[in-house]
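One line per chain: the protein sequences are A and B, in this order. Counting in the numbering used here, the first sequence runs from 1 upward without gaps. Counting in the numbering used here, the second sequence runs from 1 upward without gaps.
Note that these hints are calculated values from the structure, not bench results. Predicted model only: the values in this text are computed from it and were never measured. The C-beta atom is built at its ideal place from N, Cα and C for all residues, glycine as well. Don't take every hint at face value.
Said to hold, decoys possible - Taking lysine-lysine and the DSS-like style, the derived pairs with C-alpha atoms no more than 30 Å apart in a straight line are:
(1) B:165 with A:109
(2) B:292 with A:109
(3) B:176 with B:249
(4) B:208 with A:9
(5) B:8 with A:9
(6) B:152 with B:215
(7) B:304 with A:109
(8) B:176 with A:109
(9) B:208 with A:109
To be verified - Some chain B residues well away from chain A (every beta-carbon gap over 12 Å; in silico):
(10) 84
(11) 106
(12) 134
(13) 163
(14) 172
(15) 187
(16) 193
(17) 256
(18) 303
Chain residues, written in single-letter form:
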Amino acid sequence: MMSTISNDKQFRDALNGLNAQQQRLVGALFVENVLGLSNDPRVAQSLVVAKGTDLAEDVVNLARRSIKAACLEAHTRCGADGEWTDQAGYFVARAAEACLEPEGRSQGKGAAWKAAMSARMARTCLAADSDEDAHDTESQAQYQILTSYLDA
Amino acid sequence: MSAPSVEKGIQAIKGQIDAPVASFFSACVHCGLCAEACLFYTETGDPKYTPINKVEPMRRIWEREYTLFGKAKAALGLSKEVDADTFAEWETLVYDGCTLCGRCSLVCPVGNDISGMIRKIREGFAAAGYAPEGLIGASTRAVEIGSPMGVKLPAVQAQIKHLQKNTGLDVPIDAKGAEYLVLLSSMEIMNFPEYLEAIARIMHQAGKSWTIASKAFEATNSGIQIGVSDIAKLLVSRVVDAADELGVKTVISPECGHAFTAIRWDGANLIGRPYGFEVKHILEVLDEFVKKGLIKTEGMEDAKLTYHDPCQIARKGGVVEQPRNLLNRIASNFVEMEDAGEMNWCCGGGGGVSANERADELKLTAFNRKKAQLEALGVDTLVTACANCRLTLEEGLEENNMDIPIVGLTEMLAEYLVEDDKEQA
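The shape of chain B in the complex, shown without the other chains (with noise of 0.2 Å):
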């Protein structure tokens, strides 16, 4: 990429401006609807995180260039531009104060999608240099090295050696002709390894072929979450050539909420062409597995425990009824939290805050909102199904003094299966 500059970021925010966002500027009603929505306003009381305010830069850009009345303005020395002060005003609305949860898009009256507006505005804040620098690592990691988190595949490699030998399971890579390519993302390969475990548990269990790509073994996208179409179209690309070359039939993306938006609904549009195969969130699959009597569960834990819906897999993914549906075969006394499913509550750390070390402080403060959600419960378990919301959970959690142990849905059912001797373990 090229140096950034602030007129390669406004060239860059105009050149997001389409119709859906013309309309969207001249359909807002501020009715502050989307301000309540948004947890950083509700749990801040600052005004500045209203939703529709982080795009402030944008529409001025909109009514600047795009309108009579706003070229009117300009002309008479009116209008307020965007230089170089604008930017950095507004990065850490942009970028600390939303998790690109989408909750404000659900709840605007007329339909504005102002959670996908931001993510449009992110791509001119990264182009005129203002985005923090844990993404622009992340992002220059999954470039260079194929993992924001710098994973290389002997990593992977090892610790597929450690699984094997653990419990005597196959975990195939490069498998030409599998039904399923299994995505990860950095975060389970390094925090948590009992996600694969589980998948290979569960896949030995099911009699399904599947099998990891050496080239393309990551699901995340600092490409979307950093706001450069480029990185995120290229790092889409690899996943889509994987599985072109092996020929898989679908593509399971992990318990990671930002990578199944990126590789589900973003990715075909990135790369500008339909996809030869199915993408499914690893919760679809494992549904359909137990509807199908492919995967057989004995016991049910009776800790009375919630789940907490990545926003990205519930309100934007559409992936709300299935972990119900596991929950619900495992689990004696699972409870909702108020606001559960669609209109869940963030954990406050999707979107790139978590990787954002400057919005550490701001993040816990957003937590506020799912420790009162948990509080009203009492329960003795929280489960969620990705593994940002999972961190992000546990630091929450950890801060507020709270004892709640968090588990990820696909280690928990992958514990219920019913006992197969051909395991070690």
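The following block holds chain A by itself, in its conformation from the complex (with noise of 0.2 Å):
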């Protein structure tokens, strides 16, 4: 049994040991965690495809397409006013589509990893207008998340 993970290093160093159809599959859990920041359906069906195993290569790429144009539309375009609840969902999204990147564009940080980044960014959102403080929930969530897999 895998020892709790506390801190981003071990959080880091346990994702590093993940071959890319793992790394796929934590991410989406760490997306699900933030699924209802985002009201796009295309977020949700771009997960099914990247827990999925065995996938023929035109599904996956038919869901990468779609996931991108989700994440570029959800954008906040250049000089528009901004809405930081809107932006949230830009993120989670940039996080599914982190899932489904193709391996070796991750620039060395792994699909899980980018996903959780995008996934607490899309909790800091909420933050931007606030008081409220979610950073520290979501890394945690993600580390229980992440000691769960590891465990099962």
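Combine both chains into one complex, guided by the hints.
This is the structure we're talking about:
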């Protein structure tokens, strides 16, 4: 049984020990924890693919294109009046996009780590307009998710 | 500002006609080279997008008011007046069909700064009330809130807290006596927070003191884009006041094209006095750090990649060599686009075009030039150094079903820094 993860060093080390398929799966679990911050159905659809195994390449490519489009549509355009609650949805989409990123495109960060950071950023968006500090809450939740996955 | 009117617009244009503008109109030889240099003309084939035609209302006013021939024509009722219909007809040419990229100015055989004149004529269009809603909103928020996208200090603080907890790195705010004042664009704050993380990592490794100013974290300048010098001056003044108050030596303009033009080239003229500090683009600073051995990289990106020069940084800003120095350090298969560097083609979204929803279709048409450049190379990755270029390029690629990831150069360099044990991440 894996000891409990309690900081980002342990968290990242554990993620680095996962293969690409496991990274996608764990990344998807991180995204599910912030899924309520997005109202785009393409995000949840992409997670189904990210968690799947032995999927046909065209299925993965289709999901990849779909979530990429969702991500692009969710960003705040230059000069537009930004809404942080909407922007949380953008980061949720980015987290989901990371889960389906082709191998070799994650700039050495790993899909799960990128998904985790974007998921935290989605929570951070909620703190932009208030005193709420959900960063630690999300980090702890991710530690727990990863610990549970490794223990399973 | 008082309510806009056509008369105010005409007066504003008259106010912009100085000796250089007069000589530009006198010197134009109608050769058409500016048309071939403008992607709005080359990609639409519509002669109305010929750059010199975009300043036709200004030419009419110049001729009518300041030339003997023009005065005679006016007296005989032979000249065309500039009126509400003129403003309405030219508004989309001046704002939607020009990114102020400056390629027309560079090719003009008699040295006319056509792009500079389009920037000037926007003063008249804004004063007349003929400016895009998106730019009016952005300018209003920039004045009232301090950010064209409405980003307030608590949002920046929340992001800094997020970054500090994830990396263990310090992001100083209002640190007096710091060497560098780092500016951010709202686009980076909202859409690309990895830029600030990259800065924190690079500054940490370089061992440099730096700070963000709570009173002036925003680099962008909507006043430049819409063409209202009073707003542009106010926004520059905020940065200058903050830099003076903190006593920094250098202000760093972020990966944002027009922000660099505003603070580096237009700023001192807008406020009417020299700065007490230097202004550098982030790529200039990074190149200096590498050359001085302050930051070290390891490993190379082996994907075939190219670099999109943001117009305001390369063509207007002269930052051409630095990004190439940096890329050659961390990429083993870096290839150049045709017409790279100072002659690069614009992404199609600069100069306020991407803030103008009305221009979306035209912007995507203009993107066809970049599409052709990228198809000719067949690259795996596209690198750039402007958040606005980045999103415009992403939209263009998406529209054309081209799957090419886009990376910010600062962020990419940070990924190749030699690992530092002090960082948690």
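To see whether the hints hold, each was checked on the structure:
| no. | hint | result |
| --- | --- | --- |
| 1 | B:165 with A:109 | holds, 17 Å |
| 2 | B:292 with A:109 | holds, 28 Å |
| 3 | B:176 with B:249 | holds, 11 Å |
| 4 | B:208 with A:9 | holds, 25 Å |
| 5 | B:8 with A:9 | violated, 61 Å |
| 6 | B:152 with B:215 | holds, 10 Å |
| 7 | B:304 with A:109 | holds, 19 Å |
| 8 | B:176 with A:109 | violated, 34 Å |
| 9 | B:208 with A:109 | holds, 25 Å |
| 10 | 84 | holds, 26 Å |
| 11 | 106 | holds, 24 Å |
| 12 | 134 | violated, 6 Å |
| 13 | 163 | violated, 9 Å |
| 14 | 172 | holds, 19 Å |
| 15 | 187 | violated, 6 Å |
| 16 | 193 | violated, 6 Å |
| 17 | 256 | violated, 9 Å |
| 18 | 303 | violated, 8 Å |
Hint violations for this structure: numbers 5, 8, 12, 13, 15, 16, 17 and 18, all remaining hints satisfied.
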